[in-house]
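Chemist: Chains as they are written, first to last, in my numbering: chain D, 27 to 495; chain G, 35 to 236.
Rather than coming from a laboratory, the hints here were simulated on the basis of the structure.
No farther apart than 20 Å at their CA atoms in a straight line, the calculated lysine to aspartate or glutamate pairs in the EDC-like style are these: (1) G:Lys235 - D:Asp38; (2) D:Lys41 - G:Glu225; (3) D:Lys72 - G:Asp212; (4) D:Lys189 - G:Glu200; (5) D:Lys77 - G:Glu221; (6) D:Lys41 - G:Glu221; (7) G:Lys73 - D:Asp95; (8) G:Lys90 - D:Glu347; (9) D:Lys74 - G:Asp212; (10) G:Lys199 - D:Asp50; (11) D:Lys189 - D:Asp38; (12) D:Lys355 - D:Glu330; (13) D:Lys386 - D:Glu411.
Reference excerpt, derived from the structure (chain G facing chain D, CB under 7 Å, subset only): (14) Pro68; (15) Asn114; (16) Ser119; (17) Ala151; (18) Ser201; (19) Ala213.
Quick reminder that beta carbons are idealized off the backbone N, C-alpha and C, glycines included.
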Amino acid sequence: MSQDTLFDKVWDLHKVSSLPGGSDQIFIGLHLIHEVTSPQAFGALKDKNLKVKFPSRTFATVDHIVPTDNQSRPFKDNLAEQMITTLEKNCLQHKIKFFNIGSGNQGIVHVVAPELGLTLPGMTIACGDSHTSTHGAFGSIAFGIGTSQVRDILATQTIAMNKLKVRQIWCENKLSNGVYAKDLVLHIINKLGVKAGVGFAYEFAGPAINSLSMEERMTICNMSIEGGARCGYINPDEKTFKYIKNKLYAPKSENWQKALLWWESLKSNEDSIYDDVIKLDASKVEPTITWGITPGQSLGINQEIPLLNDLSPNDQLIAEEAFEYMGFKPGQSIKNTLVDVCFIGSCTNGRISDLRVAAKVLKDKKVSAKVKAFVVPGSEKVANEAKKEGLDKIFKDSGFQWREPGCSMCLAMNSDKLIGNQISASSSNRNFKGRQGSPSGRTLLMSPAMVAAAAINGKVSDVREFIKK
Amino acid sequence: MKSKFTQPFGEITQIVGKCISLIGNDIDTDRIIPARFLKCVNFDSLGKSVFEDDRKTLKGKHPFDLEENKNASILIVNSNFGCGSSREHAPQALMRWGIKAIIGESFAEIFYSNCVAIGIPCFTLPKKSIKIIQKYIDNRSLFLEIRLKNCLAKSKDLNFDLEIKESSRKMFLSGEWDATSTLLKNENLIENKFNNLPYLKF
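All chains should be built: construct the whole structure from the sequences, respecting the hints.
Modeler: Have a look at this one:
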C-alpha cells in the first residue's frame with residue numbers, strides 16, 4: 027500500500043468517514059459542472075427534495091454542445107439550446123457561478139478552471155467528465171465521475187469511493203526537439219496498455235516531467251484516463267506556483283505565502299512508498315500517432331503498423347477489429363497516410379502553447395487543398411490571447427478555419443463532424459470507433475504540431491522535417 | 035426492447051435472468067451510447083439507442099438486435115468494458131434496454147462506479163470462464179441465478195463463483211448503492227471538513 031505520496035496526503039486530508047461497505051467518504055474541494063452530465067443530477071436533487079450543499083464550491087461552464095461557427099442565441103440546434111438553457115436555469119436557481127459564452131471566461135471546463143486559478147494543489151476535484159484528470163497537473167487529486175455522483179456532490183459535497191493504489195511513472199531525460207507532451211503520453215499508454223491504470227492513480231515524475239511547462243503537464247495528466255487511470259498527477263513545483271500566481275481565484279497577499287508553504291508540504295516524500303514504479307526514457311520517444319481504435323494503438327512516425335503475431339495474445343482481438351475498421355494493413359507504414367480533416371483543439375491540446383506550436387509550423391505555409399482544417403481554441407481566454415499574438419491570422423492565412431471555443435470535434439456533439447469514413451488528424455484524446463461524429467469516421471491522434479504538418483502535406487508527416495527547414 | 039422499465043430500488047440481493055453475450059475487448063462508452071444521444075436532459079429515451087452505430091453496421095445481427103436476446107438481462111462481456119468517457123448515459127442506456135447485471139473479465143473504473151451508483155452489479159470472472167459462457171450461449175440459452183450473498187451464479191449446466199469488490203457487494207445488499215442518503219448521514223463531519231480544509235480559507 028502506498029505511503030506518504032501526494033495522493034495519500036490529499037486523500038487522507040479529504041476523508042470524511044469510512045463507510046460501512048469499506049469505501050471512503052471523500053470531500054470534494056472543487057466541483058466543476060457542464061451542460062451534458064449535470065441536468066439529470068439537478069433533476070434528481072429536485073426529486074429527492076435536496077439543496078446544493080455548498081454552492082460556492084461548484085463552478086459551471088458550457089463546452090460540449092456549443093457550436094463553434096455561430097454562437098448567437100438561440101442556437102440553431104434546438105437540443106443544444108435546451109441544454110444550455112437548462113444549465114443557465116439550474117445555476118441561477120442554485121446560486122452557482124456560471125461562466126457563460128461571452129463572459130470572457132467560457133471554454134472547455136478543463137482549460138477554464140486552471141486559467142482562472144480555481145485549480146490549486148492539494149484539492150480534490152471532480153467533474154462529470156473523464157478528462158478531469160487534467161487538473162492533476164497542479165498536484166490535485168482530480169477525477170471524472172458519472173451523473174449520480176454529480177448529484178451526490180451537489181447534495182453533500184462528498185462521494186463514496188475506494189482509495190486508489192499509486193503507480194509512479196518515472197520519465198528519464200528529456201523529450202527531443204519536435205517531440206511533445208502528447209507524444210510522451212501516447213507512448214506511455216502504448217507501453218502500459220489502456221487498462222493498466224484501472225485501480226491506480228498515476229504519479230508522473232522524473233526529469234522529463236519536471237522540464238515540461240504547466241500546459242504540457244496538463245496534456246499528460248489529461249490522458250491518464252486513456253491509460254485506464256481515473257486520476258493522474260504531478261507534484262507541484264516553482265512552475266506550478268508561478269502559473270497560479272495572480273490568477274483570478276488564486277490566493278492573494280498573506281494567503282499566498284500560507285498557500286505556498288502548505289503546497290510545498292504536499293509533495294510526495296523522497297522515501298514515499300508506491301504500489302508500483304515504471305521507468306522509461308523520454309529521449310527515445312518519437313513523434314507518436316495512433317493507427318487503431320484505442321489510444322494505446324500507437325506507433326512512432328517512422329514505425330510500421332504491427333503484425334498480429336507481434337502483439338500479445340490479449341491485444342490481438344482489438345487489433346483485428348482495428349485493422350478492419352481503419353482499413354490499414356499489418357506492416358504498413360503510417361507515414362504518408364492521406365488525411366481529410368485536420369482538427370486542432372480539445373482539453374488535451376487546445377491551449378495557447380498548443381496554438382503557438384502549430385502556428386509556428388504553419389507560418390508562411392498553405393494547408394493542402396484536399397484537406398479541411400480548423401482550429402478551436404480551448405477557451406475565450408485562449409482565443410483572445412491568440413488574437414493578441416496574431417496567431418489567428420497565421421492560421422487563417424494558411425487555410426485553417428478559426429472557430430469559437432468549445433469541445434467541438436473531439437466528440438462531435440455539435441455540428442463539427444467527420445463525414446463517412448473520412449480520416450482526421452486530430453489533437454484530441456480518443457480515436458474510438460465513431461468518436462468524431464461519423465459511425466465509420468477514422469481518427470489519428472497526434473500532437474498539434476503533427477496535425478499542422480499533416481494539414482500542409484495532406485498526409486501524415488514528420489513535423490521534425492518542418493522544424494529543420 | 036422491453037416495454038416496462040422500473041428503476042432498481044433498495045436492497046439488491048439476487049438477479050435472475052437470461053444471458054446475452056457481447057464479444058470484444060475495450061468496448062468504450064462512445065460505442066455503448068454515441069455522443070449525439072447525450073443531447074438530452076433526462077435518461078428516459080436512451081434504451082433504444084444503446085450500441086446504435088454498432089447495430090446499424092451489423093444490420094440486425096448485433097446481439098442486442100437478435101430475437102433470442104429480446105428478454106435478456108445479464109450481459110456477458112470481455113475485458114476493459116466501458117472504457118473512455120465518464121458518461122453515465124452508457125450504463126443508463128444498458129439498464130433501460132433491460133440489463134440488470136454484467137459479468138466480464140474486467141471493467142473500466144468510472145463505468146464500474148457508475149454501474150454501482152445506479153444499481154447494476156458488475157461481476158468479474160477469469161477469461162477462461164467467460165469463454166466457456168460465451169461458447170455455451172452460442173448454441174443455446176443460458177439462464178443464470180445470481181445471489182449477491184455468496185456471489186454464486188447457478189444454472190442448469192454451469193455454476194460459477196463470481197467476484198465483485200466487497201464494498202460494492204455490501205452496498206447492493208444493504209441498499210446503500212443509492213449513496214446520497216448514506217453520505218448525508220455524516221452532515222456534521224462534512225461541515226467540519228468544510229470549515230477546516232486549509233485551502234478553503236486562502
